[in-house]
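Sequences listed follow chains A and B, in order.
Just so you know, the working numbering puts 41 at position 41 of the first sequence, and the rest follows in order with no gaps.
Just so you know, the working numbering puts 309 at position 309 of the second sequence, and the rest follows in order with no gaps.
Check the hints yourself; a few may be wrong.
Derived lysine to aspartate or glutamate pairs resembling EDC-like cross-links, with alpha carbons at most 16 Å apart [to be verified]:
#1 B:K168 - A:D107
#2 B:K168 - A:E76
#3 B:K225 - A:E38
#4 A:K37 - B:E272
#5 A:K13 - B:E272
Derived from the structure by calculation, the hints contain no laboratory data.
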Amino acid sequence: MKRNYYKSDDLKKFKNITDWNPDLGEKFFEYYNSVFKEGTLSTREKSLIALAVSHVVQCPYCIEAYTRDGLQKGIEKSEMMEAVHVGAAIRSGASLVHGVQMMNVYDKLSM
Amino acid sequence: MVSKSLKARNSLLSSTKRQLEILSNGIFSEGGLPKFDSNLVAYELNAPRPLKLEILQVNVGYMCNQVCAHCHVDAGPDRKEMMSRETMELCLDVLKKTKVKTIDLTGGAPEMHPDFLWFVTQIRLTDVEEIIVRSNLTIIMANKKYHNLPHFFKQNKVHIISSLPFYKKNKTDSQRGDGVFNQSITALKLLNSVGYGKSNSNLHLDLVYNPSGAFLPANEKILEKEFKKALKIDFNIDFNQLFAITNLPISRFLDYLIASENYEDYMSSLVEAFNPKAVANLMCTNTLSVSWDGLLYDCDFNQMLGLKVASPISHLRNFNLGLLQERKICISQHCYGCTAGSGSSCQGTVV
Ligand code: SF4
Ligand code: SF4
Chain A
1 MKRNYYKSDD
11 LKKFKNITDW
21 NPDLGEKFFE
31 YYNSVFKEGT
41 LSTREKSLIA
51 LAVSHVVQCP
61 YCIEAYTRDG
71 LQKGIEKSEM
81 MEAVHVGAAI
91 RSGASLVHGV
101 QMMNVYDKLS
111 M
Chain B
1 MVSKSLKARN
11 SLLSSTKRQL
21 EILSNGIFSE
31 GGLPKFDSNL
41 VAYELNAPRP
51 LKLEILQVNV
61 GYMCNQVCAH
71 CHVDAGPDRK
81 EMMSRETMEL
91 CLDVLKKTKV
101 KTIDLTGGAP
111 EMHPDFLWFV
121 TQIRLTDVEE
131 IIVRSNLTII
141 MANKKYHNLP
151 HFFKQNKVHI
161 ISSLPFYKKN
171 KTDSQRGDGV
181 FNQSITALKL
191 LNSVGYGKSN
201 SNLHLDLVYN
211 PSGAFLPANE
221 KILEKEFKKA
231 LKIDFNIDFN
241 QLFAITNLPI
251 SRFLDYLIAS
261 ENYEDYMSSL
271 VEAFNPKAVA
281 NLMCTNTLSV
291 SWDGLLYDCD
301 FNQMLGLKVA
311 SPISHLRNFN
321 LGLLQERKIC
331 ISQHCYGCTA
341 GSGSSCQGTV
351 V
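Bound conformation, chain A alone:
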C-alpha cells in the first residue's frame, strides 16, 4: 500500500479539527477569517503574503490554497513568484545572519 503523509484531500477536512475541540477550533477559524478580510491591507496583498509564508513554512496545503486564491484574485504568476522569492530571501537571510553568531563564537574562542 502506498502511504503518503500528505493527502491533498485532507485540506477539505481541515474544518474537522473543531470536532475534538470545538471551542479552540472555532476560535481559530473565526480569527483566521477575520485576518483575511479586506482591511488596511487589501485581500490581494494578504493573499500574496500568505503565499510567501506558505512557502517559508513549506505547507503544501497552504501553497495549494493560496495559489488558487491568487488565481481567483487575478494575481499574476510573476507576482506570485516574486512573493515566493521574498519569503525565500528572508528565510535564507535568517540563516545567513546567524553567520555573525558563528563569527562571534569563532573569534572569541580563537587566539
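Add chain B with the ligands to chain A, keeping to what the hints say.
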C-alpha cells in the same frame, strides 16, 4: 490554442447527450457528490420556478470571429447556425405581446448576423425598455463594416455588455486568443469616445470577467475596483459595472476541464461553494432563452445542453406565456455553476 469549434473537430463532446451523461455520472454517481436536485432537497429548498418574465435572451446564431477556449456556446467562424428573419419577427411579436422589459442579444457574435442592424432597429420600435447586446469587443475592430457599431449602439441606446477576461494582456489572450486584448482595448476606447461607460452618461458599458482556468471568480466588487483602477491608469478607459461570471461545465469549458484533469476538482469546488441564498435569484426564474431556430429554453446554458423547456410550448411560433410559466425548469449538475459562492448569472453575481 483552439482554432475550431468542437463541432468542426467532430469531438465527442459536441454531442449534448454526451455532455449530459458526463454531468450525471462519474463523480455524481451513487456515493459521490450529490446531484443538484437532491442537494436542493437536502437544503430544504424548492426547485427554481418561473417567476415574472423580465428578460428575453435571444441567441441569434453561433457564428463568432473568436474561438475562446472556455466558450460554452462552442461558437466560432465555422458555426453557420443563424436565426432567420421570420424567427426574428416572431421575437418581435413576443416583445409586443408581453411586458418583457429587457431583450438580451447574444451569440456567437450577434453583430455578425446579416440582419443584426435591422433587428435592433425594429426592437427599438417596440416598448421594450432595454436592449442588451453581448459584444465581444474585437468584432468592432474585425472589419471596416463594423467600425460604425459604437455610433449605431448609441443611436439605439443599446446597453453593451462585453467580456474582458482580465485587465492585462497575458490572461486575456490565453483565454480568448492572441491579439484579443489590444483589439478589445481599442474597441473600448471607441465606445468611450461616443459616450459609453462614463459615470454621467446613460449609455451603459459593462464588462464581464470570467476566470481563465479551473477556478471560481473572486469577489465581484473587489475585482471591479481593480479593473477600474487598472484600465483607467493604463489606458484611460471607463466602464460602468463589472460582472463576475462563473464558467459552467458545458461544451468547450467542459472539454478543457476534462482534458486538463480538472473536471472532478472543479465540480467539487462548485458543490462545496453551494450557496442556498443564490437559489432564489437564479437567472432562469425571470429569463427565457431563444435559440437561432426559435426553440425555447430556461437559459442559455440549457440551450447549449439541448435541454428544451419542459412545456407543450417549445417554440416561439406558438408562444403562450401563461402556459410557459407553469413549466418546471430543467436542472442538472451544471446548475451548480449558478449557485457557487455569490451565485452567477448573465448579470454577474446574484447574492
Ligand atoms: S466566448 Fe463569446 S467571443 Fe468567445 S467564442 Fe464564445 S461567443 Fe465568441
Ligand atoms: S444553468 Fe440555467 S437552469 Fe440551471 S440554475 Fe443556471 S440559469 Fe437555472
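Each hint tested on the structure:
1. B:K168 - A:D107: This hinted pair is violated, its Cα atoms lying about 54 Å apart.
2. B:K168 - A:E76: holds (9 Å)
3. B:K225 - A:E38: holds (13 Å)
4. A:K37 - B:E272: violated (20 Å)
5. A:K13 - B:E272: Given pair A:K13, B:E272 holds - Cα atoms ~12 Å apart, limit 16 Å.
Checked against the numbered hints given earlier, the structure breaks hints 1 and 4 and satisfies all the rest.
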